[in-house]
Amino acid sequence: MIKITDLHARVEEKEILKGINLEVKAGEVHAIMGPNGSGKSTLASVLAGREEFEVTGGSVQYMGQDLLDMAPEERAREGIFLAFQYPVEIPGVSTTNFLKTAVNQIRLHKGQDSLDAVSFLKMMKEKMKLVDIDQSLLSRSLNEGFSGGEKKRNEIFQMAMLEPTLAILDETDSGLDIDALRIVANGVNALRSEDNATIVVTHYQRLLDYIIPDFVHVLYNGQIVKSGTKELAMELEEKGYDWIKETVDVTA
Amino acid sequence: MNLQQAFITQYKDRETSINGQGKTAWHQRRKAAFADFEKLGFPSKKDEEYRYTPITRALEREFTADTLADAPINEALVKELIQSVIPNDVQANQLIFVNGQFQETLSNIISPSDEVKIMPMSQAYQAHSELIEQYFAKQPGIQPDSFVALNTALAQEGLFIHVPKNKVVEAPILTYFISDTTQGTSVATPRNLYIAETGSKVSMVESFHTIGTDASYQNAVSEIWVAPNASVHYTKLQPESTKAYHTGTTEVHQSRDSRFTAVTISLQGAMLRNNLNVALDDEHCETHMYGLYMLNGKTHVDNHTAVDHRKANSFSNELYKGIMDDQSRGVFNGKIYVRQDAQKTNAFQSNANILLTNEASIDTKPQLEIWADDVKCSHGATTGQIDKEQLFYLRTRGVSKEQATAILLRAFAGDVLENIELDFIRTQVEEVIDARLNSNF
Amino acid sequence: MSKDNQILEEFAQSDYKYGFESNIEQESAPKGLNEDTVRFISAKKEEPEWLLEWRLKAYRHWLTLKEPTWHNVSFPDIDYQDIIYYAAPKQKVRPKSLDEVDPELLDTFKRLGISLDEQKRLSGVAVDAVFDSVSVATTFKDKLAKLGIIFCSFSEAVREHPELIRKYIGSVVPAGDNYFAALNSAVFSDGSFCYIPKGVRCPMELSTYFRINAANSGQFERTLIVAEEGSYVSYLEGCTAPMRDENQLHAAVVELYAAKDAEIKYSTVQNWYPGNKEGKGGIYNFVTKRGICAGDHAKISWTQVETGSAITWKYPSCILKGDHSIGEFYSVAVTNNRQQADTGTKMIHIGKNTRSRIVSKGVSGGFSQNSYRGLVKVMKRAEGARNFSQCDSLLMGDQCGAHTFPYIESDNSSAHIEHEATTSKIGEDQIFYCLQRGIDEEDAVALIVNGYCKEVLNQLPMEFAVEAQKLLALTLEGSVG
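Chains as they are written, first to last, in the working numbering: chain A, 1 to 252; chain B, 1001 to 1441; chain C, 2001 to 2481.
It is worth saying that the hints were derived from the structure and are not from the lab. Predicted model only: the values in this text are computed from it and were never measured. In this text, a Cβ means the ideal position worked out from N, Cα and C, and glycines have one as well. Keep in mind that a hint or two might mislead.
What the hints assert, rightly or not - In silico contact screen, one side only, chain C against chain A (beta carbon under 7 Å); selected entries:
1. Lys2031
2. Glu2035
3. Gln2430
4. Tyr2433
5. Leu2435
6. Arg2437
7. Gly2438
8. Asp2440
9. Gly2451
10. Tyr2452
11. Asn2458
12. Met2462
13. Val2466
Required output: the full structure, derived from the provided sequences and hints.
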């Protein structure tokens, strides 16, 4: 589905991604772990097309297309969804209104008719159950005054609404208590299928108890230094990131 | 002859008595300023910049052609005043001007001359002619002002400060501009030029006083040049008499990485108008402007400030507070300009006022003019009474209403007062305020 | 189709869609302005002598005035002798019902989305349609008349209710109030008149739709709304004009009178032709709007969405004379390309415990200049007066300007006044968030701006709110990038 080859990226003068290689196939869940500052969120942002990051080398093939050539909204319409680590607040714009615009633009892109108010509402009601989100939250301004947990739940709710092919969850677990984490993870699991894939970016192993990854990659200093299965995550949890740092810095 | 014509005559008299300086470029600036004044005249009632402050009418009522002559000085009273305002143990340069004239015997310069050059302008015109040439009346000003033009045309005396590159002036420079009216009204036109070269640091205080019971008028202008990475702290004090009139402009020019702080404290006067104009002419400048006007009787104080962000990445912050008692009148106008090149500007302005009586009034006009898009600017203005909730809270804790009011007003003024750099000056201002708070209730 | 999609679709279209011209036989006054012009207009309208005198007095006063220069807009000198002061569709007899109105006229309003056919119109809105200098038709008059409500064109009111007109005309905006008000008082052509009797709550929105059609003509309408004790009315005003290369002058006067316990809600969606991208053509919109809360507990609320006009100069104001009276001003002013707007309000607190609220949202794009100018004045006897003002400016692009000129004057220590203003640009992270959800940049901007203006748009009656949102999107087209 997505093939990242030797991806380099920098922000201003600082190189952050130093040659990332990663392939994700349909139906898979990949976890990307790593210490703070290792480039995890940068990778997520680059895949979504944030312009502050300049790609200086490498390529990303997504569903047979050059992803790096596409505008952020094109990527979204082609099925890439980024659950933000810090969802932005947009005063005065209700989540409902916002989503209706997004859903219909994506449908338009796919050559489908836009949803009328009734079908849209019906769809919303269904998806709301997934993340146990309250109707009243959705009529409020987008993310404004939401708690951390509400913001994250809203992200997963939007993911459910937009039905992405490739979902990238950027530190969706950070700042969540265990109950909220469970709700979010249940939502993500319910959306898993043979046709889509998920990249879970996280600092903590905890999330991976709820969203079981097929592969785990450790990102350190802008490169994937270790890959394995969920056992790698357990090992990391046990030994801590210093263990990775030591092995890498020694071999380097 | 009305006052305006009297000033014109005064200028022409001086022009004929001038020798040697007439051909210099800075003298040409003086002539141009005179032409401006002739054209502008005193501000009319309709002048937007003076709509709340009818200074022309006041000046023409109080002063005539005869009052422009140099008034004699009562030296004993002046000494007494100085002793009362400068404590003995203060390590500071002190410069005294009375009725516009420099008082050498009463002044005292303690800073070494390689650290800073301090002298009256009358000496600087010769001793530092190249600096005068370079800096005198060279600031275009954000907008033309009659009183600045008049000052430039008539300027003879004032204070000159030059801080060489990378010098830190340890002792503050205190200047007292005193009007002695014991033998009749006094009119003076102080003109000051302060230059802080690259990387230097200096702190100066201007304090305006009137002795005697007759009317006084000072039309003052200070030009301040803050070179790259230099740091200037400027305090203006107005513990004036109830018969004092003042029009003063402080024109500041900041270069890259420079810092400038102004604190303006007005406590009393007949009608005082302060213009503070700061041009942030390069990137990464930092500007702080604080003001407190605590007025009683019939005092009328008008503070006009303008911050002109001309280049990107600079920061300005302004906080002016007013407490109006009796029949006093406060006026505040704050302008923030952000020019098209001044992206990433952060500019903040706040003006808060408390009216203590129904006869007091406040007119405030905070103003933003923005031509750059990537900026964060805000202003806020409030007028009201002391917060009743706060007052009630204090009283439930056993504090009397009078005491509680004083505590709250002191706290209200505190945000500004804490920015006065010199301890003894802050204490003096606080004493005036405390005395007033206690006597009023 | 959902409301939002309609907006987006409109947004994707370009330019001013109301710019067509109707081919209607006109009769008009000769170009230029003198006492004969004033007499001509008065005669055309079959006015009583006192009103002609009132006009002439205003005209003579106007001659002594100078065009104001204090505002923050600039434009070439207006040649007041090069304007046609009266233009009207030729009608042989005054139409008694819609059947007799020129079908071309009805069609014009239909194309503007204003159906004058009562059957097809939403039953909640009564419309007075003004075409150049005359009112074409007023709907639902009979239904309203049963409640004692008078809603008709100004000319008709002069004929049918001269005593009311004579009592209230110029009572809030005196004939010589300012340059443009004096001009209007001399040559005003038509407009709407509403009278809500004591204790009546007007059951439907009253609405006037103004259309400039004739070339070289100015429009000088005059609206007067009188709400008697305990009554309520919500009034809407909309306006458009054809695209022309010349500038056209619009100098209107609106007077509102609210008696004790009465409430008037006045909403405007102003979409006069703004000129083209280079600033050629467009309407000069110089308007004086003022309301008086004459009695205790009266309330006047102004809501305006200003997206059109080459130049906008208007300050809908409230004189809060009655104790406990309330004034409100909600404004969205959007300027793009070469548009200039200098708009705001005046809140004059005279009565005790009077309250006012100002919410102004300015959005500037392109090369436009957008100024808020407001006055909050608390008089000595206005014990306990309260004001809150919030003035925000949003900049979209680095060639435009946003300016804020608030005047705050307080002569009463118990008054509490709070003013806040901010200036900022649309956040890049907000746009990115929308992009990531598949919304393109222009739509993202429209969404965010609509959100930013929500507090004001919420004040509009439903039908207008939708219209206003579409307009915002259209006006901002091409402002980012």
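Practice prompt. Any hints from earlier that this structure breaks? Give me their numbers in increasing order, please.
Written response: 1, 2, 11, 12 and 13
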